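Input sequences plus hints: build the corresponding full structure.
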Amino acid sequence: MKLRPYQEKCINDLFDWLGRHPTGNPIVEATVGAGKSVIIAELCRRVIAMQPTARIVMCVASRELCRQNLDKLLAVWADAPAGVCSASLGAKDLESQIIFATIGSIANHADKLGKVDIMLIDECHNVNSKDTGMYRTLINDIKRFGNPSLCVIGFTGTPYRGDGIWLWQGEDPLFAGTACRITMDELLEQGYLAPLVVDKGDKPKMDVSNVKMSGGDFVVKDLAHVAINDDLIKAVMDDFYISGFTTRNKFLFYCVNKEHAYKVLEALQSFMGLNPAIITADTPKGERDKTLSCYKLPKGDPDAINALVSIGTLTTGFDAPETDCIVLLRPTRSPVLYVQIAGRGMRIADGKKDCLWLDYTDTTEVLGAVNRIKGRNKSRSSSSTSAPVKYCDECGNANKVHATECAECGWIFPARAPRTHGTVAGDNAPLAGYEPPVEQWMDVLDVSYHKHQKGDKPPTLRIDYDIGELYPVSEWKCFEHSGFALQKACEWWDSTIGGSVPFSVDDVIVALNQTSHKMPRKILCAKESGGRYWQIKDKAKFFDSVPGMLIQQVQAVTPPVITDNDLPF
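Be aware that the sequence shown starts at 1, since it is given in the UniProt record's numbering, and climbs by one per residue.
For the record, the hints were derived by calculation from the structure and aren't laboratory data. Everything numeric in this text was worked out from a predicted model, so none of it was measured. By construction, the Cβ of each residue, glycine as well, lies at the ideal position given by its N, Cα and C atoms. Please note that a few of the clues may not be correct.
[Unchecked claim] With a straight-line cut-off of 25 Å between C-alpha atoms, the simulated DMTMM-like cross-links for lysine to aspartate or glutamate are:
id : residue 1 : residue 2
1  : Lys143    : Asp163
2  : Lys72     : Asp350
3  : Lys203    : Asp231
4  : Lys234    : Asp185
5  : Lys221    : Asp163
6  : Lys522    : Asp354
7  : Lys539    : Asp354
8  : Lys200    : Asp301
9  : Lys205    : Asp354
10 : Lys115    : Glu95
11 : Lys212    : Asp289
12 : Lys205    : Asp172
13 : Lys488    : Asp443
14 : Lys527    : Glu189
15 : Lys353    : Glu186
16 : Lys522    : Asp443
17 : Lys290    : Asp301
18 : Lys2      : Asp362
19 : Lys353    : Asp319
20 : Lys457    : Glu405
[What the hints assert, rightly or not] What follows is a set of in silico ranges between Cβ atoms, one per label pair, in the way DEER data are often shown:
id : residue 1 : residue 2 : range
21 : Gly455    : Gly273    : 42 to 52 Å
22 : Asp202    : Gly170    : 19 to 29 Å
23 : Trp441    : Pro22     : 51 to 61 Å
24 : Lys290    : Val510    : 44 to 54 Å
See below:
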C-alpha cells in the first residue's frame, strides 16, 4: 500500500521529533480522513524493520477501531506478527510481537505482557488528564513490570480535552506535544475530504438558554426536556424533508437521549423511501453489526438502511464515506464532540462532492467553523515553580519564554499576543474559508487531447473541452501514475472508449485519434470566488460519438500558461 505524501511526511516528522525528544511522548494530530489506521500500520512495520525485537501494543477504546486498525496493518504487511487482545472480538493474545487491544481487555494484564517498547493509543484524547483511569494504569504497570523507558505515542484528530485545553498542558500530562499535524484545511485543499455545506434559510432551532451546564457541556437530562418537544420535532422533520431528504442519500441523526432518538425515528418512519434504524450504546453487538453493515450497502439494495439515528455513538471508529447529510439534533459545547460529529460526513466517496450540514441547534453558531476549532493554552498559575515557557497559539507546544518562532510548527509569535477565546467563534458556516463555487452546465463543442509534462513527474493526458469561451476547460488523467490517480484514469478510459488500457499517454492519444469514442455533450463547470478558470465538476450522462481521425484540434487560441500550482495533482 503506497502512502499518500502527507502520510509519509507525518511518519518522517514523528521520527524526527523522537530524535529531538528522546524521553517525550508525542501526539500525532491527524484529522478525520487522514488515514490514521494506515499511518499506524506503516509505523509498526518500520519500527520492526529498524528494531526486529521491538514489541508494540496498540490500544483503543472500541472493538470497531481495534479491528479496523488490525485490518489496515495486514493490508500493509500481510504476514505481520500481530495478534488481538479484545474480549468483544473473542481473542486474548498477550504474546505476539504486535498486539492490537481494546483497553478494557488489556488494562489489568501488564504483568503478563513482558517487555513492551512502544504503546500506541488511538483516539488518545480519551486518556484521563490525571494519573488515573485504565490507560494510565496500563502505562504505569508496563513501566513497572516490563520497561521503565516505554514510549507512548498518541493519535487523534482532536488533541485537546472537552474544555479545549491541549492534552499536553495541565498537571501531570502524559504527552509532551505534537510531533506532526495533518489538518482539515490541508486535506480539503488536496481533495481528500468532502466539504460541509449548509442549506440557506431560516430553520427551527432548540432553545438551550436555560439548560444547565456541567463539565463544559449541557446536562443531558435538562437538555432532553428541551429536545423532546413534538412541535419542534415536527418542524425539524418538515424542514429536513425539503432541505435534505429530497436531495441526499445517506443520513446520520445525532440525538440527545434514547427517548429523543425514538421520537425522531418514529417521525422518520413516515417518510416514503426512507429506511431508518437506531443505534445506541445498549444496542446488542450482533444487531449493531448488522445495522451498520446495512447502512453501508449501496443505494438500491433491498436491505440498505439509509438513515441512522444515534445517541452517544457513531462519533469515532465509524467509517461510512457515503454519508452525505448530517442532522445535528444534539446541542453541544464540546469542541471534541463537535469535530467528531462533523467528520462523519467529510470522508470522500465516488459521486459525492460534499456533505449537507443541517444544524437545528446553536452549536455551529457558538463553536464556529469546524476547521477553525483548535485547543487553547492553559492559564499559567502565578505560583508555578516550573521553568517559564511560552505556549504557541497555533499548535499549543511549549517554547522558551523569549522565543520569537515556535520550534515545532514555525508560527511567528506576535509582539503582543492577541486575546483569544479558545474554541468559540462567531461564524455560522460549518467550514471557514469555503464558499460554494458558482456552477454552470456548459455545451461541449469539441474536444482535444494533449500530453502534459510536469517537471520530472510522469506525464499526464490533458483533455481540453471547447465550451465556446476564449479558453477551453481542461482535466487531467494520470495513465502513467499509480494508485487512486491511475484507477480514475482507467475508469475514464472504460467509459470513453473501452477495451485494454494503454500503458502510456502517447499510446492513449494515438488510440483516441484512431478510434471512435464518446464525448460528453455537456459538462458541469465551477469557478471559485475570484477564480480565473472553470473547473470540471461533472459530466452529463449522455454523449456524442467522436469518430477517430476526425477530432478537430483546438489551436486557434493559445491556452493560458498553467503553472504547477494550478494543477489538481
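Results for each hint:
Distance hint between Lys143 and Asp163 is unfulfilled; the C-alpha atoms sit about 29 Å from each other, more than 25 Å. Restraint check for Lys72 and Asp350: satisfied, since their Cα atoms lie roughly 21 Å apart, inside the 25 Å limit. Using a Cα cut-off of 25 Å, the hinted pair Lys203 and Asp231 holds, with the two alpha carbons roughly 13 Å apart. This hinted pair does not check out: Lys234 and Asp185 have alpha carbons roughly 36 Å apart, beyond 25 Å.
A threshold of 25 Å between alpha carbons decides the hint, and for Lys221 with Asp163 the separation of about 20 Å falls inside it, so the pair holds. For the proposed pair Lys522 and Asp354, the alpha carbon gap of about 21 Å is at most 25 Å, so the pair holds. Restraint check: the Cα-Cα separation between Lys539 and Asp354 comes to about 17 Å, which is no more than 25 Å; the hinted pair holds. Between Lys200 and Asp301, the direct Cα distance comes to roughly 32 Å. Violation of the 25 Å bound is thereby established for this hinted pair.
Between Lys205 and Asp354, the direct Cα distance comes to roughly 23 Å. Compliance with the 25 Å bound is thereby established for this hinted pair. Proposed proximity of Lys115 and Glu95 is supported: the alpha carbons are some 10 Å apart, at most 25 Å. About 35 Å separates the Cα atoms of Lys212 and Asp289, which puts this hinted pair outside 25 Å; it is violated. Between Lys205 and Asp172 the CA atoms are separated by roughly 41 Å; this puts the pair beyond 25 Å, and the hint is violated.
Taking the CA atoms of Lys488 and Asp443, the gap is about 23 Å. The hint holds against a cut of 25 Å. For the proposed pair Lys527 and Glu189, the alpha carbon gap of about 15 Å is at most 25 Å, so the pair holds. Between Lys353 and Glu186 the alpha-carbon distance is near 17 Å, which keeps this suggested pair within the 25 Å criterion. The hinted pair formed by Lys522 and Asp443 meets the criterion: a straight-line CA distance of about 5 Å does not exceed 25 Å.
With a C-alpha separation of about 14 Å, the suggested pair Lys290 and Asp301 falls inside the 25 Å cut-off, and the hint holds. With a CA separation close to 42 Å, the supplied pair Lys2 and Asp362 exceeds the 25 Å bound. Between Lys353 and Asp319, the direct Cα distance comes to roughly 17 Å. Compliance with the 25 Å bound is thereby established for this hinted pair. At roughly 34 Å between alpha-carbon atoms, Lys457 and Glu405 are farther apart than 25 Å, so this suggested pair is violated.
One distance hint, 42 to 52 Å for the beta-carbon pair Gly455 and Gly273, holds here, with the actual separation near 50 Å. The given range of 19 to 29 Å is broken by Asp202 and Gly170, whose C-beta atoms sit roughly 42 Å from each other. With their beta carbons about 59 Å apart, Trp441 and Pro22 fall inside the hinted range of 51 to 61 Å. Remark: the range hint 44 to 54 Å for Lys290 to Val510 is upheld by a beta-carbon distance near 51 Å.
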